[in-house]
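Novice: Each chain is listed here by its residues.
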Amino acid sequence: MSLAVRVIPCLDVDAGRVVKGVNFVDLVDAGDPVEMARVYDAEGADELTFLDITASSGDRETTYDVVRRTAESVFIPLTVGGGVRSVADVDRLLRNGADKIAVNTAAVTRPELIAEIADRFGNQVLVLSLDARRVRDGVQTDSGFEVTTHGGRRGTGRDAVEWVVQAAQLGVGEVLLNSMDADGTRAGFDTDLISAVRREVTVPLIASGGAGAVDHFPPAVAAGADAVLAASVFHFGQLRVGDVKQGLAAAGVPIRQEADRPLR
Amino acid sequence: MGSVAAVKKVVVLDYGSGNLRSAERALTRVGADVTVSADPEVALEADGLVVPGVGAYAACMDGLRAVDGPKVIGRRLAGGRPVLGICVGMQILFERGVEHGQDTEGCGEWPGVVEQLHAPVLPHMGWNTVSSPEGSKLFAGLEGQRFYFVHSYGVREFPLAEPGVTGRLTPPAVTWAEHGDRFVAGVENGPLSATQFHPEKSGDAGAALLTNWLDTLD
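Just so you know, the protein sequences line up as chains A and B, in that order.
Position one of the first sequence corresponds to residue 1 (our numbering), numbered consecutively onward.
Position one of the second sequence corresponds to residue 1001 (our numbering), numbered consecutively onward.
Don't read these hints as lab results, they were simulated from the structure.
A virtual CB, placed ideally from N, CA and C, is assigned to each residue, including glycine.
Worth double-checking, as some hints may not be accurate.
[Said to hold, decoys possible] Quick partial rundown of chain B residues pointing at chain A, CB under 7 Å, derived from the structure:
1) Arg1025
2) Leu1122
3) Lys1201
[To be verified] On the chain A side, residues computed to face chain B include the following (Cβ under 8 Å):
4) Ala4
5) Ile76
6) Pro77
Start from the sequences and build out the full structure, keeping to the hints where you can.
Specialist: What follows is the structure, given as structure tokens:
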């Protein structure tokens, strides 16, 4: 036996509400992240990620409330990302019950932020969230991938693989690797990107972007992912967490199959 | 279960190391009356004391000493009163921890050194299986379950657990896990128990383990 590959549903949260439609008929409130978290937990999710896309700082209070209420009712790890800019932001999210914090644009702008957070809280709480894409428009990088910011809308010309290596040296304990080329296509994960990063760093990798079918997940693991993340395919009920796990198990990937061994 | 059992009073030791609330919530979920406190008197009085811990070994020891934690743990154990260490809260029970070349003295309840794991991917992050000894109370009914780990350091040798070493003393019952090579995932030693993983984040399996621990309290 060995460490299970984690299956992680991701929820985009705006001012305390889940965005992107959900069509789980059995939900009391399909827009409530706490309710969604409970459903995913019951379905066997190994971890949850909240991506806070709240634009106004005033509405951020609701994020803390959502994190706190989720941590009160779901007993699996919770990662929160989106708009994290300072050690104080991290401290507040952790105090409200987040287990890990993902940094993205703020760390690209000011890499020292990674060291500041890791020195204070340890690298195990810090996830580098990276939106990477293949270079285009005459941009060149050694790996052929570049870092983007602002949800993939802006290229930076910076080598995505080199950035992960630097971030790992500065102290991130995990990488959430989102392929902006694959994102939204539902055509499968970008396994080239996953292997390119896997070759260079030893921290755990979460593959994200492109999941559309059960058989998309095992190749991501074969390319070096320690965890797989998806959002809309889970929200729209197109795939269930349990189906993804069964598909992984059928491919010989170790998974946590709690449903096999009911405890109560 | 089923009969009227007294509610167990548990104190989660507050010494400035994060995730106190997670431990508090998970213990409340399984029916304990939980207080988060740094007060030695309160910690001594509890039916059970939980010592959580995340982050750096040295920082945890500093925080623990600042609230007289090592003394509180020692006094409880001398009186046969249960203590449960979680994650770095387990690691600090050993003699010392070595992180980034920094060697820090621990509480020394058990001989052994906390050192970096040898594995291709670190931190060891996620759900792993464990191998618990026959007769384990903590892991009773939990065979084959996975628990949630997040750590890069661990105890890879536990000489006290070898047969015959403790003489007439009861040897610690050690639960092992593997990531790269093997390391200590859990210890049960009279009133002193510990887990390297996070039962408070290990879903229903973690809740069942905490229930098992509460059942050992009186």
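Novice: Each hint: holds or not?
Specialist: Here's how the hints hold up against the structure:
Taking 7 Å as the C-beta cut-off, the interface hint given for B/Arg1025 holds, the closest approach to chain A being about 6 Å. Hint on B/Leu1122 holds. Least Cβ distance to chain A is approximately 6 Å, under the 7 Å limit. Given the 7 Å rule on beta carbons, the hint for B/Lys1201 holds: about 5 Å separates it from the nearest Cβ of chain A. Given the 8 Å rule on beta carbons, the hint for A/Ala4 holds: about 4 Å separates it from the nearest Cβ of chain B.
Restraint check, A/Ile76 versus chain B: the minimum CB separation of about 5 Å is within 8 Å; hint holds. With 8 Å as the threshold, the beta carbon of A/Pro77 comes within range of chain B, its nearest partner Cβ sitting at about 5 Å, so the hint holds.
Comparing the model with each numbered hint stated earlier shows that all of them hold.
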